[in-house]
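Undergrad: Given the sequences, and given the hints that come with them, work out the whole structure.
For the sequence shown, my numbering begins at 1 and goes up steadily by one.
Treat the hints with care, as some may be off.
Heads up, simulated EDC-like pairs for lysine to aspartate or glutamate below, C-alpha to C-alpha not over 20 angstroms straight-line [claimed, not checked]:
#, residue 1, residue 2
1, Lys-182, Glu-246
2, Lys-182, Asp-159
3, Lys-182, Asp-212
Label pairs and their computed distance ranges (CB to CB) [stated by the list, open to error]:
#, residue 1, residue 2, range
4, Thr-26, Asp-65, 18 to 28 angstroms
5, Gly-321, Pro-19, 42 to 52 angstroms
6, Ala-146, Gln-73, 30 to 40 angstroms
7, Ala-68, Ala-146, 43 to 53 angstroms
8, Gly-210, Pro-304, 46 to 56 angstroms
9, Pro-304, Pro-19, 41 to 51 angstroms
Worth flagging that the hints you see were computed from the coordinates, not collected in a lab. Heads up, the beta-carbon is just placed ideally off N, CA and C, and yes, glycines get one too.
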Amino acid sequence: MSNLETRPAERICTAGDRPAGVELLTARDVPLGGPRAMTVRRTIPQRQRSLVGAWCFCDHYGPDDVSASAGMQVPPHPHIGLQTVSWLFAGEILHRDSVGSLQTVRPGELNLMTAGVGISHSEESPAEGRPPQLHGVQLWTVLPEADRTSAPHFEHHGDLPVATPGGARVQVFMGGLEVAGKRLVSPARTYTPIVGAQLDLPAGGSVTLGTDPGFEHALLVDAGDVTLEGETVPPAALGYVAPGRERLVVTAGATPVRAVLIGGEPFTEDVVMWWNFVGRTHDDVARARADWMAQVADSGEGTPTRYADGAAGRRFGEVHGYASGPLRAPVLPDVRLRPRTRR
Numbered sequence: 001m002s003n004l005e006t007r008p009a010e011r012i013c014t015a016g017d018r019p020a021g022v023e024l025l026t027a028r029d030v031p032l033g034g035p036r037a038m039t040v041r042r043t044i045p046q047r048q049r050s051l052v053g054a055w056c057f058c059d060h061y062g063p064d065d066v067s068a069s070a071g072m073q074v075p076p077h078p079h080i081g082l083q084t085v086s087w088l089f090a091g092e093i094l095h096r097d098s099v100g101s102l103q104t105v106r107p108g109e110l111n112l113m114t115a116g117v118g119i120s121h122s123e124e125s126p127a128e129g130r131p132p133q134l135h136g137v138q139l140w141t142v143l144p145e146a147d148r149t150s151a152p153h154f155e156h157h158g159d160l161p162v163a164t165p166g167g168a169r170v171q172v173f174m175g176g177l178e179v180a181g182k183r184l185v186s187p188a189r190t191y192t193p194i195v196g197a198q199l200d201l202p203a204g205g206s207v208t209l210g211t212d213p214g215f216e217h218a219l220l221v222d223a224g225d226v227t228l229e230g231e232t233v234p235p236a237a238l239g240y241v242a243p244g245r246e247r248l249v250v251t252a253g254a255t256p257v258r259a260v261l262i263g264g265e266p267f268t269e270d271v272v273m274w275w276n277f278v279g280r281t282h283d284d285v286a287r288a289r290a291d292w293m294a295q296v297a298d299s300g301e302g303t304p305t306r307y308a309d310g311a312a313g314r315r316f317g318e319v320h321g322y323a324s325g326p327l328r329a330p331v332l333p334d335v336r337l338r339p340r341t342r343r
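TA: Structure, rendered in structure tokens:
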């Protein structure tokens, strides 16, 4: 999914400090997409914490009724330096990209796009036969320096590992996690040590997860009354725990719980993140914006866009089959930002 904010802030993303207990990160509502906007609840990045492992972006949306609307409609847009991780609780999204992928993702399946040096894609609710609700999360991970200019590619995984201890259900979509003495490992390609999993617990249920003590973790609660390590995490909030734990206990209260666990080895590189770009310097994102806008031909704000001649052979390629032209990039902020130096 694109970040469709019209005035996105340029952010320096760094690993934060290490609280002793569970740190609560509350979501902010972000309207995406102008007059047909859908509202998402964004928990990272934020000033309090911008990264959890290599996870740098977490948008939580729905349930939205798409039975009488066009649903999700995100025109072609670019990415660099990251992976997009599309995960649904309900509904369907059709993905198209500039390396030729055409893939519908459904609940329990993973669409994973690695941008590398540059890719563009679109996302939309299928025109016919789609379920009436759309509900899920859009996550991004930062690519490390060694891989951030690699060739772009796309993966779809429809058969991901599941465990069902004590009436709970744990499905791992990225990395690996130990559940009830069994290690579940996703086939998806990762570039740093990370984990991503959906947890479903019945009312009164509990699950103990075997975790890497070198990882930091965070639990995004979609629904239900839940505690993480004995501390309440409200719906739509992210409960963060620092490295040092060999297990995490998640417990449901009086209602069933659905949540998403993300985690990973703390990411040690400072990064600049703006719009749909993750770089290391202001110049990285400014260059990516200029390269994208060189592919977009239009007559100014308020007019339809189209691809410029020769766009298919340029950095971000061309997406075929989407009903409209590509998105314009927002205007860069006037302030030039530089990553902080790590000691």
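Undergrad: When the structure is checked against the list of hints, which entries are broken? Sort them ascending.
TA: Structure breaks no hint.
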